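A.B. asks: Here is what each chain is made of, one letter per residue.
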Amino acid sequence: MIGTNRYIGSPVERIEDPRFLRGRGQFVGDLKREGMLHAAILRSPVAHGLVAAVDASAALATAGVRAVITAKDIGAVPRIPLRLLPLAGTERFLQPVIAADRVRYVGEPVAVVLGDSPALAEDGVGAIALDIEELPPVPDRHISGRDEILLFEEAGTNAAMVFTGVKGDADAAFRDADYVRRDRFAVQRYTALPMEPRGLLAEWDAAQGRMAVLGAAKVPFFNRDTLAAMLGLSPAQVDLIENDVGGGFGARGEFYPEDFLIPFAARHVGRPVRWLEDRREHLTSMNHARQADCEAEIACRSDGTILGLRGEVFVDLGAYIRTNGLIAPRNVAQCFTGPYRVPNVRVTSTALLTNKTPSGTYRAPGRYEGSFFCERLIELAARDLGIDSAEMRRRNLIGAGEMPYRLPRLEPGGPALDTECDSGDYRETLERCLAEFGWEEKRALQGREIDGRYHGVAVACFIEGGGAGPKETARLDLEADGTVSVYVGSAAVGQGLETVMAQIAADTLGLPLGQVRVLHGSTPFLDEGYGAFASRSTVLGGSAVFEAANALLARIRAAAGARLGCAAEQVEVADGCARAPDGRALAFAELAADSLRVTTAFGNDNRMTYTYGSAAAHVAVDLGTGDVELLDCLVVEDVGRIVNPLTLHGQAIGGVVQGLGGALLEHLVYDANGQLLSGNLADYLIPTATDFPKIRAIALENYRSPSNPLGVKGAGEGAIIPIGGLIANAVANALASFGAMPNQLPLSPARVWHMGSAKQSTGSSK
Amino acid sequence: MKPAPFDYQAPGTLREAIDLLASNPEAFVIAGGQSLMPLLAFRLATPSLLVDLRRLSGLGNIAVGDDGFRLGALVRWRDIEDDQRLVTAHPLLHAAVAHVAHYQIRNRGTVGGSLAHADPAAELPGVAVTCEGEITLFGPAGSRTVRAGDFFTGPLSTLRQPDEIVTALHLPKWPSGRRWAFRKYGRREGDFALAGILLFYDEDQRGALSNAHVGVIGACPRPHRLTRAEALLNGRGIDESLIRQAAVTAAEEVDPPDDLHADAAYRRGLVATLIERGLRAAAQQGSA
Amino acid sequence: MRVSFRINGDPVAVDVEPRLHLADCLREVLSLTGTHLGCEHGACGACTVIVDGAAVRACLMLTVQAEGASIVTVEGVSTDESLSPLQIAFRKHHALQCGFCTPGMLTTAHALLTDEPDADADRIRSALSGNLCRCTGYIPIIEAVLEARAAYRNADKP
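Protein chains in written order, with this note's numbering: chain A, 112 to 877; chain B, 56 to 343; chain C, 22 to 179.
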């Protein structure tokens, strides 16, 4: 039903850009309100303890401090609920909106200070006398698993949840295999680190009984409902407004304690309150991610065909289950085998609580970790069996003829959480990647020392589960001036949402792009909405816009036909005009009086889309310094259909660089007392412009998604997934003569140097 | 991360600045602020008063003369980078400064600030110590000079008294044709060195090394010379065997910390690598 | 304390506490919110402005230290309602996604290319190594700055 596609598929420059380029973005920190107070938060300085006293008297006597709010002022408020996977038993481990009698991680909020300026509020925080009786901390998942020190005594355990992913009969497969190998692997704790820290600006209108909160992101509708319940309001009394958002990556926009505390404070004092997170508190407050270790084993035939995979994964969840804290543990159990045909699987994933900042989702949660574990195991098996890395992948990728391919069944969850790879030819992207990368020439360098550095290459394959349901809503209004306003429940986090949605609406309605404006995320726009997560915005939001635009087109045709005296089907719509066969026409503006407006919800029965692809890398390792230089990196992915090749390419490059940060640089380091050592950006290292200059990405659109009318697949998270395993395998291949086993991330210079200076013990194999 | 409150003065003369420091024991000096401002932001430092040197004249000059080099305390990294004389007149200084932090930092950070702050991984203290520089301080009792090798006493710790201001760094003459090297390794460009080495030596007609100076930053609590490595080098001709021995000796001589970025064993290994590569590069300087 | 300086060509005078850093003065007192705060400890570059021709981190400078200075912020990178060649290049190359690091990238690149219109890719990467971006992976930013050089080579020097 799309006529001439002049926007969809074109590298349209973004509508959002001019305001950002001029410095006229409206991030929450750019907004003020008359009479506004500034909030600063007192956070626990210890990892585990009982709160004996919070003495705010000196703080209240500090110049410019207007109020101090603690648990006593807040009273009984529900704990922060789980947005996703609220399984039985999880209610025992939810986070309170503020610490009352107990603190469980460094950074947990204990009090809110309101002052005339952020500096004065911070002065107030420094003046609060906090008396905490320290308890022994649970500093890691090993100690957690012993259940000797408990974070929640009533629960009797620190194991928040165990997921099991099962397919076929793994034990039988291992009994019958020619070859089995078992090894341990670990991914470190790190974090999304968007460049804009969090912020909220809350206004309570006592006369109207309405609460407005600016600075919402990602899932404003769920957060609105949650906040309303906590404040004793109906959802209709609460508006969450989305402004410009400086990156999300899964971490921003979930419901955090501050999402209650700041609105509560505004109502408590009857003045608007703004809170802007600083980077130091960000590193102990924003969701952590990824920390997981496993013992995993692979069973193969001697020709390299994978028969089975078993694994026990332990996820260090932090002190509470966050709103989406169980997604990564679940995904690791279900998606461990990625795009590979593994007929027999059993992976258990245990989420354990520790006295650290709680964790949540971060771009490809659980998938990145699972891919690292799986790709390392496959590479080790390939080496032991004498099979070329690329050939090993080729033999084991799910074939085009096997679609749809069901991934392991999850318990708890059962059939409701079943998912299947939808469409595609995984070998096609592998072959394209190998060809473009120059695999045949480059593998000749494997393990060789050239000019003092050891060279290694590797290839890895991935699937990205995107387009998570249940649905998304869109409303299109034909305005009096003939333009169309598109309201969509999806949230913008910097991904170019406004432009992509406008392209879809403009093409469907035959309008120039400039005649379409997109408004998104804020709860007043729509009765319901779902938001931006799991790479769903183009799939679900875009499809909702597409269907609403088609419905609006039908209404335009009907209205025009009635006015022009012809059948609706005979009306031709192009360039903002509706034309009858006899040539008479009406501009959209002339039809606006007919109040043409359509609201649509698009759902896909929770069928996920699966973008897929392969990545290859060439590294040079300097054993004198432990430096790993990425000489070339290429990702090839099939995304089903490309709406905007410019923004899609941006997602791929950005995702790869984030993945490289995880493989080589980033690490939230805790000491044995639960203190975060890497608490600033001089110690927590993200990639800079000089680190990874050689990255290429190619996007294909050969296999559309069968589950939405646009045929698009979610594509924001794919490119990051294979990077951990890819780099580790490239380093392993470079240092093969040293028996190096890069089984732990990040591959810091010190870690790599040690690999070159000692023989590593190898895993057991038969 | 707003600083705790403080008063602020920008005196017009050095004497006024000293008087302010003398009468306010909790006062800090600020110049470029590139090291101090983060400390204030984290409230790791809470001075009652900042004494800003920006209005003082006569502290911003780079003098190149027969008796060596004089860098005023307010000379910025950018000034050193832009000073074409130094490219050939003191190539070690010029090379080391190019590695300081980032482009924006180099537009404000100063010689005096770096010396007074004394980060063990900082480049200029390494240059000062390796080149046997002298640091001039001005205080209530007037001027005094301290040898760079004595000035740095530990991480972020120097012989400067709270009522003194660093006013200049003097570096000795640098003969043309001297062989030198600067090598640093950090995790990313602009990061503090996990380890860095600075070295130079002269050669006589027979090709024997003399006057070897080898300094280390980043793998130590304070910048210092590696005197055993120097002793090993002096009097011998440079060859691969000497280079390797010097690297091993240097690695044994340093006493690196363990921290969240790297363990001591790695830093020793890194020092050995940097010494080896630095000596090799120095030996090849000037050859076709 | 009273402080006077010039912002994007216009004289301003403000009355601020000594501890107010220049970035906060621009944002909160002068309502020029284009300069962003990403870390407040000099590590991320989002707050970069140009002071007397040199790119500096506005979070590492006190407002009181700006007395008499001539400051250019991102709002001053283009001088009228149209985007400058550097900004046009950023848009063309998709050198921004969330837009939060963008002002600092623009001011740093503008300062660099004004002084060094022939800067090569390595020099550009090095000069931008103190500006963190989490979205783009930097490659399109470097491409945009490389393309923008032509405009700076042709520009009249003051």
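Check each hint, because a few of them may be wrong.
Lysine to aspartate or glutamate pairs mimicking DMTMM-like chemistry, simulated, CA-CA at most 25 Å apart [unchecked claim]:
1. A:Lys582 x A:Asp350
2. C:Lys113 x A:Asp733
3. A:Lys805 x C:Glu49
4. A:Lys805 x C:Asp31
5. A:Lys143 x A:Asp242
6. A:Lys553 x A:Asp716
7. A:Lys143 x C:Glu164
8. A:Lys183 x A:Asp227
9. A:Lys143 x C:Glu49
10. A:Lys143 x C:Asp143
11. B:Lys228 x B:Asp257
12. A:Lys805 x C:Asp36
13. A:Lys805 x C:Glu137
14. A:Lys805 x B:Glu244
15. A:Lys278 x A:Asp716
16. C:Lys113 x A:Glu609
17. A:Lys143 x C:Glu38
18. A:Lys805 x C:Glu164
19. A:Lys805 x C:Glu96
20. C:Lys113 x C:Glu102
Calculated from the model, a selection of chain C residues having no Cβ within reach of chain B, i.e. all distances over 12 Å [to be verified]:
21. Asn29
22. Asp31
23. Pro32
24. Leu51
25. Ser52
26. Gly97
27. Leu104
28. Asp139
29. Ala171
Hints are computed from structural coordinates only; laboratory data are not their basis.
Remember, predicted model here, so these are calculated numbers, not experimental data.
Beta carbons: idealized from backbone N, C-alpha and C, even for Gly.
A.B. asks: Looking back at the numbered hints, which does the structure fail to meet, lowest number first?
C.D. replies: 2, 3, 4, 5, 6, 7, 10, 12 and 19
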